[in-house]
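So the protein sequences, as listed, match chains V and U.
If you use our numbering, the first sequence corresponds to residues 1 to 797, in order.
If you use our numbering, the second sequence corresponds to residues 1 to 556, in order.
Any given hint could turn out to be false.
[Said to hold, decoys possible] Each computed BS3-like pair below joins lysine-lysine, with the alpha-carbon atoms no more than 25 Å apart:
id, chain 1, residue 1, chain 2, residue 2
1, U, 162, U, 316
2, U, 383, V, 744
3, V, 744, U, 163
4, U, 163, V, 760
5, V, 207, U, 162
6, U, 383, U, 316
7, V, 658, V, 421
8, U, 316, V, 744
9, V, 682, V, 658
10, V, 760, U, 383
11, V, 158, U, 383
[Unchecked claim] So the derived label-pair ranges between C-beta atoms look like this:
id, chain 1, residue 1, chain 2, residue 2, range
12, V, 551, U, 503, 49 to 59 Å
13, U, 517, V, 259, 36 to 46 Å
14, V, 89, U, 43, 46 to 56 Å
In case anyone wonders, no lab produced these hints; they're calculated from the structure.
We put the beta carbon where it would ideally sit given N, CA and C, even for glycine.
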Amino acid sequence: MQELASNLMNITTLLGASGGESLFTYQESSGGPGWLGLIPVLPAIAALICLLLLFLARKGMASGKSRGPAYLVLGFLALSFILTLSGFLMWNGQGKPAWIVTLFDWINITWNSGDGEQSLIANFGFYFDGLSFLWMLFVTFLGSMICLYASEYMSGDKGYARFFAAFGLFVASMSCLVLGDNLVMLYLGWEGVGLCSYMLIGYFYTKPEAVAAAKKAFIVNRIGDLGLALGLYLIYTTFGTVQYDELFRAVAERTDAAGSPLDFATMWQSWAIPCLLMIGAFGKSAQFPLYVWLPDAMEGPTPVSALIHAATMVTAGVYMIARMFPLFLMDPDLHALHAVAWIGTFTALLAATIGMAQFDIKRIMAYSTVSQLGYMFAGLGFLTTTGGAYHVFTHAFFKATLFLACGAVMHGFAGQLDLRKLSGLWSQPGWRITSVAMLVGCINLAGLPLTAGYFSKDMILAEAFYTPDSLIHFSGLMGWILLFTAGLTAYYTFRVFFRVFVGPEHYEPGDEAYDHDSDETGEESHHPVEEHGDHHADHFHPHPPGWAINLVLSVLAIGSILAAIPYFVSDGNDKSKGWVGDMLYSSSAFYKSPAGHADKHGNETAVLVPADPVVLPASFADEPAAAGAAKGKVPAADAWPVRDQVEAGSILGMDPHKAMYYISAVFGLIGILIAAYLHGPKGPAGLFIGNRTQAATSRADALLPKLGPLPRWAQNKWYVDEFYEATIRLPLWVFANIFHAIDKLLIDGALVDGISSLPKAFARSIRPLQSGVLHSYAAGMAAGLGIILLVVWVFSL
Amino acid sequence: MGVLAVILWSLILIPAAASVLIAMRTEKSAQTVAMISSLIGVVLALVAAAQFDWSNSGAMQLGTESGIPLIPALGVTLSTGVDAIALWLIILAAFLQPLMVWGSSTAINENKRSYYGWLTALFPAMVGVFVARDLIFFYACFELTLVPMYVLISSFGSTNRKKAATKFFLYTFTGSIIALAGLVYVAVFNLNLDPATFAGAGEWNFDIAVLQQAAQAMPLGQQGLVLFAMMAGFAVKVPLFPVHTWLPLAHTEAPTAGSVILAGVLLKLGTYAILRFVVPFAPDAVLEWAWLIAVFAIVGIVYAGLICWVQRDVKKLVAYSSVSHLGFCILGLFALNMTGLQGSVLYMINHGLSTGALFFCIGMMYERYHTRSFNDLGGLARKMPIWAFFMGFFTMASVGLPGLNGFVSEFLCLIGTFQSGADGIDGIGGTFGPLGPWYAAIAGSGMIVAAIYLLFMMGKLVFGPFREPDGYEHHGPLPEDLSPREIGICVALAVPCLVLGLYPKLITDSLEAPLQQTIDIYTGEDPALADANNPMTVALVPVDRTPSVLFEEATR
């Protein structure tokens, strides 16, 4: 015991010596090149021009006859991407500093609070570091690519210019979200992307479902936004600043902006701030319980689903938590990160089960997005921001590919999305590129070995077992749940592929549900040949994608494969974590040991451990100092001991980082094989175990009745929407009506009108006295006189 | 009397003269004269802004040194002057005026002289409220705004206009009388003060600055009475829950321009008066009672917001949304810190722009369909895309979308409320104040409710399946979608919404100085809060001079 005590003393001294050092890499920021400020501005300009086109040239440009608006926005987005790329290269070459570029003052208030000057400063400034460059690179690249795709996909639509105006505005907002150098700018982008999402989900605004879905997305997001806003207020109230630079310095020094020390261990804000921010992230990134808007968001045009609801916007929550990671580490017990890990895990599982039972391929992809976002959150919860960010990166590519491939199918088959009504696209003329792209997306999503999705998912899964239980409780259990979910993912992914893309050739056209304004003539002039047959199954000819869609699909499919490269490329800062780890190393998302361990050079085992209140048995006392301290009760309130390799978690007694390659591959392959057995066609395309010979039926159909009501419940999304309807919307609506009745009857009726009618009522009550009858006047006079005399007499007594 | 005082006086006198002129001249020329007068108003407001010394924005400027004596025996003078707060509100009023005149071109076809005459007469009364530095002058203008508004509603409103106009007039008038009683009570208190306490004490004096000092010297109990008397009047005007029920009725029945000016400026008279009188006059009582007012504000935010959601009449929905929105404004005011007050004043301006614009949009639609019911209308974006764009734009401004004006004010109000009273917790972001994080957290739910009802409105009216009233056929002078005139109005309102959303510094910089004076009352070097050492609280003249005796003395 004594030894333990002395060990604790040692570690305390050690920490004392390195007192001011931060828990993460706090980078002093400097002014960056001003032209970087154009990155968010360019898409905004494009959006504005599109808007003007809408006003000024309503019949020509805006109606979709010309692809002008698309190419205009594409040009600006591409320019934005080029700027981002050159900025990144320049930044990389200059040793990865943190840059701040301020465009102009926004909210900037200073005052004298009585005991000193206080200020609230949130300018239109942009913060460039590894994290924001990482995000901006894929946001602007995918933005440009999907814009090109949409130029073909949306052609002929009446709202062409409107679509691209919102598209441009979205990229501008997303850039503000990612680049903003303060939390209010992040909030601006946050709500801005919400608005664009609203506009684009509700793009087919005459469709009631689209309008309802758009509304739902905005309102559910607002619930999360309230959490973010309150977190922002609390951060400001605690630290006296909302600017990243000052904020991170304050957290690193454990002070407020004025420099007075803060004791994170005893402050309630240290858990309240991350918990509030987390709610915001759950809303935007569609995590339980706020995930319900995302599947409905598929009412929007498919390019929107690909860009906003798969690749970029929904990752904003992951970005925000990664960006605010220093604040999540404030809490010695990591309450918020536990919640993030559990919610992420649960959402991954829940969404995967729903995805398994859906028939609409776009919806399956939507649930898979929710599920994959769950993985990213779980990764953040397991303290691997790198894993979370890398999965965001790979997912952005392969999920965009998947969505765009689904979109091509939908576009070609008049809105058909039911996997029971499509089959064997692989061998149909003109669909090969789509099918290959789909396959590439599917193997990534399913986590087939050596794909990008495989590496990024492994990073998270390995960390689940690697992170010791004392740090994130039950992280191993979550790891197993996520592994199981990986199997489910592989199953539902290949269910789609086996049903739709291989097997016997068959198709039924959709009902042109997303009717590109089919009530007007000539709107589908881009494919005049098919025009007459589109609505009749008998004469229906699918129209395979044109050059733009095929080009984008090819590029993104290749991109999905190449996204594995960053796993192996590293400049040596943090070898095992690859390029993404390098990027995050130069940002606030990276955390490190405070005790001066040289994690900068590949020692990834020096993971930060917050104070653990449990005093462990003395048997640990003979362990090395650092490990002992980690296991024991931490003396100083702000001591963040260092964990040694000894007590890193393991999986089945093996090093998770190595074992996970095999374990997750097994889970993935089992999932694919089950999909092949249940849905695969006869022959090599069904991996020789499938036997499906018809488009619509498979072994799964025979299996379904034996599973009881479960598949039906899963297909009905576990009735979560209905539950919300009954427990939240309906009561609120009832209250609204009650309030309205109260307002009308009680406040305005009884009180206001009641009081105001008193004078009238009083007047009316004495009106009979003015009867004009002389006798009654005389009697009244006499009575009055009598009373006066009586009063005088009484008072004179 | 400085030469520059002419500017403010012209802002009052020229439109007043113009309204008389309109009444005397022909129907045909009425709108033209009103337009010219309102444009002169804009020019004069700009001249005032140009002459205003922005580096000293907290000081009363462009006014009369000592005022024009009106009733010398009672110390009533016509003294004027503006600081940045008042000047911005004048600019807002002057800016809305020509738009209202322009926007009425097709809506008002008969009785134009009466309509434009009263519309023009409203302007000097509003300006008077903002420039007055004398209590009686202020109060007179405050009440004078009721008369033109009463006529506008009762003569040019919808079916239920008489009832609405009467309710509007009596309700706000009754409230104002109580407020006047409270303010006169302060004047009498001042009369009883030892003349040596400060300049202006111990005599009949209605100078607002003098009365402010007198009121601050009151003991807590009396300040409380004054506070409630003033709130009774000004809260009705705002309107604060539960004295809000006149507003939905008045808004729904008023003609478009009437609704615009009601939401745009008239409601702000209430919040402005609270900022000018309640907060500085009764600091002790405000600290004592701010929680209660804040609770009413928060209840109003959520309650009125939910009521919006079940409305069938879009104009009523927007009217109730004013009650909800103004709750944020009041909340920010009673946060008593810079962020909250900044937010509150910005809210006055921003709400005037965005809600005023929403009323314009609804009016434009009403002129075409003669109904505002969700039952008869739907999916109008299909037929009126330009209108739909502006409707969406102003809805987003109203819902508080960052980048547009509504966000900045709502954000500042909420962050101010959050900080207020949080100076005890760890960290330095907290400030002195009576509210705290919980108030902001609950009021923040209003953000969600606002999204619910405003998007409900968009979903019903602008989006969704297209629906027109049965048997509707388009006719009349207006095109299907907006005419260039209407687009002009919308653009004129949209531009400041965007500019103030992206560059609120334009206003916030100039508000720092005047608002610093307000918070200095609470936290400055010499706070006016009652304490044992405050010599002023015991400075009453120990004589039995009753008000009536003094009044006789003075008027003799």
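Hints and how they fare:
Pair hint residue 162 (chain U) plus residue 316 (chain U) holds up; C-alpha atoms about 17 Å apart against a cutoff of 25 Å. Restraint check for residue 383 (chain U) and residue 744 (chain V): not satisfied, since their Cα atoms lie roughly 35 Å apart, outside the 25 Å limit. Restraint check: the Cα-Cα separation between residue 744 (chain V) and residue 163 (chain U) comes to about 15 Å, which is no more than 25 Å; the hinted pair holds. Distance hint between residue 163 (chain U) and residue 760 (chain V) is fulfilled; the C-alpha atoms sit about 15 Å from each other, no more than 25 Å.
A C-alpha spacing of about 41 Å is found between residue 207 (chain V) and residue 162 (chain U), which places the hinted pair above 25 Å, so the restraint is violated. Straight-line distance between C-alpha atoms of residue 383 (chain U) and residue 316 (chain U) comes to about 23 Å, which keeps the hinted pair within the 25 Å bound. The straight-line distance between the Cα atoms of residue 658 (chain V) and residue 421 (chain V) is roughly 42 Å, outside the 25 Å bound, and the hint therefore fails. Distance restraint check for residue 316 (chain U) and residue 744 (chain V): the Cα-Cα separation of roughly 13 Å lies within the 25 Å cut-off, and the hinted pair is therefore satisfied.
The hinted pair formed by residue 682 (chain V) and residue 658 (chain V) fails the criterion: a straight-line CA distance of about 36 Å is larger than 25 Å. A threshold of 25 Å between alpha carbons decides the hint, and for residue 760 (chain V) with residue 383 (chain U) the separation of about 50 Å lies outside it, so the pair is violated. Of the supplied pair hints, the one linking residue 158 (chain V) and residue 383 (chain U) holds, its CA atoms being roughly 13 Å apart against a limit of 25 Å. Between residue 551 (chain V) and residue 503 (chain U) the Cβ separation comes to about 41 Å, which falls outside the hinted range of 49 to 59 Å.
A hinted range of 36 to 46 Å is violated for the C-beta pair residue 517 (chain U) and residue 259 (chain V), which are about 29 Å apart. For the pair residue 89 (chain V) and residue 43 (chain U), the supplied restraint of 46 to 56 Å holds, since their beta-carbon distance comes to about 54 Å.
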